[in-house]
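Residue numbers (numbering that gives the first Met the number 0), protein chains in the order written: chain A, 0 to 194; chain B, 0 to 194.
Possibly wrong hints are sitting among the right ones.
In the SDA-like style, the derived pairs of lysine to any residue whose C-alpha atoms are separated by at most 25 Å in a straight line are [to be verified]: (1) A/K155 <-> A/R124; (2) A/K85 <-> B/K85; (3) A/K2 <-> B/K11; (4) B/K180 <-> B/Q103; (5) B/K85 <-> A/I167; (6) B/K180 <-> B/S132; (7) B/K155 <-> B/E183; (8) B/K156 <-> A/D69; (9) B/K155 <-> B/E134; (10) B/K185 <-> B/L173; (11) B/K85 <-> B/K11; (12) B/K185 <-> A/R124; (13) A/K85 <-> A/A193; (14) A/K85 <-> B/Q103; (15) B/K180 <-> B/K23; (16) A/K137 <-> B/K11; (17) B/K85 <-> A/P29; (18) B/K23 <-> A/K137; (19) B/K156 <-> B/K23; (20) B/K185 <-> A/Y16; (21) A/K192 <-> A/D139; (22) B/K11 <-> A/P29; (23) A/K2 <-> B/K23.
For the record, the hints were derived by calculation from the structure and aren't laboratory data.
There are 2 protein chains.
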Amino acid sequence: MNKSPVVQSVEKANAEYVASFGEKGKLPLPPSCRFSVLTCMDARMDPAKFAGLSEGDAHVIRNAGGRASDDAIRSLVISYKLLGTKEFFVIHHTDCGMVLFNNQIMGDLLSKSLEQAVVDENGWRDVGQGPGSPEGAKIDWLTFTDDRQAVIDDVKKIRNHPLIPRSIPVYGYLYDVRSGKLEEIKEATEIGKAA
Amino acid sequence: MNKSPVVQSVEKANAEYVASFGEKGKLPLPPSCRFSVLTCMDARMDPAKFAGLSEGDAHVIRNAGGRASDDAIRSLVISYKLLGTKEFFVIHHTDCGMVLFNNQIMGDLLSKSLEQAVVDENGWRDVGQGPGSPEGAKIDWLTFTDDRQAVIDDVKKIRNHPLIPRSIPVYGYLYDVRSGKLEEIKEATEIGKAA
Numbered sequence: 000m001n002k003s004p005v006v007q008s009v010e011k012a013n014a015e016y017v018a019s020f021g022e023k024g025k026l027p028l029p030p031s032c033r034f035s036v037l038t039c040m041d042a043r044m045d046p047a048k049f050a051g052l053s054e055g056d057a058h059v060i061r062n063a064g065g066r067a068s069d070d071a072i073r074s075l076v077i078s079y080k081l082l083g084t085k086e087f088f089v090i091h092h093t094d095c096g097m098v099l100f101n102n103q104i105m106g107d108l109l110s111k112s113l114e115q116a117v118v119d120e121n122g123w124r125d126v127g128q129g130p131g132s133p134e135g136a137k138i139d140w141l142t143f144t145d146d147r148q149a150v151i152d153d154v155k156k157i158r159n160h161p162l163i164p165r166s167i168p169v170y171g172y173l174y175d176v177r178s179g180k181l182e183e184i185k186e187a188t189e190i191g192k193a194a
Numbered sequence: 000m001n002k003s004p005v006v007q008s009v010e011k012a013n014a015e016y017v018a019s020f021g022e023k024g025k026l027p028l029p030p031s032c033r034f035s036v037l038t039c040m041d042a043r044m045d046p047a048k049f050a051g052l053s054e055g056d057a058h059v060i061r062n063a064g065g066r067a068s069d070d071a072i073r074s075l076v077i078s079y080k081l082l083g084t085k086e087f088f089v090i091h092h093t094d095c096g097m098v099l100f101n102n103q104i105m106g107d108l109l110s111k112s113l114e115q116a117v118v119d120e121n122g123w124r125d126v127g128q129g130p131g132s133p134e135g136a137k138i139d140w141l142t143f144t145d146d147r148q149a150v151i152d153d154v155k156k157i158r159n160h161p162l163i164p165r166s167i168p169v170y171g172y173l174y175d176v177r178s179g180k181l182e183e184i185k186e187a188t189e190i191g192k193a194a
């Protein structure tokens with residue numbers, strides 16, 4: 000089977016990375032800077048670049064919205080309990096796709112077609128004609144309407160989770176995709192402070 | 000409140016990133032290379048570096064193990080349905096922490112203490128003396144024993160999910176933390192091929 004242009008590009012870039020890998024093969028498993036970052040999957044964000052991380056420094060957990068989902072909390076608990084991290088950052092961002100829809104819209108779109116939908120001033124509509132699935136209506140897509148409030152909500156959820164020790168501070172930030180700047184959401188960091 | 004050395008370091012690195020941000024503020028929301036990567040939170044892995052991604056290129060989803068959890072699938076569905084990605088990579092890695100424990104061990108450790116545990120030739124033991132929680136025994140931690148099989152299992156789970164279109168190829172890879180090299184797991188890619 001011929002490889003797609005995307006696969007060829009990834010494999011070529013990887014070969015270049017391997018050629019200059021150097022001493023990174025000796026890095027230990029636990030993160031040397033002892034912290035974890037929970038952030039969005041958004042393509043415009045590169046946590047290593049915007050937060051100054053080198054290989055080996057910190058755990059990076061990413062999902063749609065950077066939400067404190069049960070799975071993100073699973074990852075955070077493994078991070079501190081078994082691998083020694085001691086501080087958590089929750090970093091959402093401006094212009095997030097999660098404000099553009101809600102559970103009703105997503106359930107409706109997926110029930111009509113699994114193919115891509117597009118959005119314009121009249122809302123979302125399906126482009127494809129493929130079959131849909133009722134399964135989308137059963138999922139909580141974890142959308143939000145206010146990016147700052149979502150940071151506060153997620154820091155609060157982590158702070159109050161029974162498996163997260165009070166000794167770990169949880170910081171809240173909003174990343175501005177127009178400037179690259181991390182803005183601390185002080186209300187979130189205050190809620191997330193260690194005790 | 001004084002900021003921790005970790006927070007100061009992240010904010011300093013971010014200020015440097017902002018100073019050289021350039022034209023990246025004009026990037027659109029949908030990923031320009033139209034693919035998504037699901038990989039592990041492991042600190043030693045930098046997907047942008049090992050796969051050659053620039054800001055704006057691709058969605059990156061990360062959790063403990065790079066598992067195809069329900070939350071990872073939530074993110075993948077949002078990625079293709081609303082933001083136009085057309086190929087998925089599942090990338091696990093060698094020397095993953097997820098082979099070092101299982102649900103029984105994690106439940107027991109968390110029931111005794113929420114503080115850090117350490118592992119040696121005698122197994123895991125708690126270092127701290129803090130209170131524990133029974134909640135850890137209720138969670139599926141998504142551990143595995145064979146890193147190649149886990150890639151196959153996760154590609155298969157995505158391929159067979161009712162909300163993932165058959166038109167999207169799902170590729171399986173194992174990243175070698177000693178060399179930085181991506182090895183295609185052909186059995187996984189074969190299972191994940193588009194139809």
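Verification of the supplied hints:
1. A/K155 <-> A/R124: Violated: A/K155 and A/R124 sit about 35 Å apart, past 25 Å.
2. A/K85 <-> B/K85: violated (37 Å)
3. A/K2 <-> B/K11: violated (41 Å)
4. B/K180 <-> B/Q103: Violated: B/K180 and B/Q103 sit about 33 Å apart, past 25 Å.
5. B/K85 <-> A/I167: Outside the cut-off at roughly 39 Å; violated.
6. B/K180 <-> B/S132: violated (40 Å)
7. B/K155 <-> B/E183: holds (15 Å)
8. B/K156 <-> A/D69: holds (19 Å)
9. B/K155 <-> B/E134: violated (29 Å)
10. B/K185 <-> B/L173: holds (10 Å)
11. B/K85 <-> B/K11: violated (37 Å)
12. B/K185 <-> A/R124: This hinted pair is violated, its Cα atoms lying about 36 Å apart.
13. A/K85 <-> A/A193: holds (10 Å)
14. A/K85 <-> B/Q103: holds (24 Å)
15. B/K180 <-> B/K23: Distance ~28 Å between B/K180 and B/K23 Cα, so the pair is violated.
16. A/K137 <-> B/K11: violated (43 Å)
17. B/K85 <-> A/P29: violated (34 Å)
18. B/K23 <-> A/K137: violated (37 Å)
19. B/K156 <-> B/K23: Outside the cut-off at roughly 35 Å; violated.
20. B/K185 <-> A/Y16: holds (22 Å)
21. A/K192 <-> A/D139: violated (28 Å)
22. B/K11 <-> A/P29: holds (23 Å)
23. A/K2 <-> B/K23: violated (29 Å)
Violated hints for the displayed structure, listed by number in ascending order: 1, 2, 3, 4, 5, 6, 9, 11, 12, 15, 16, 17, 18, 19, 21 and 23.
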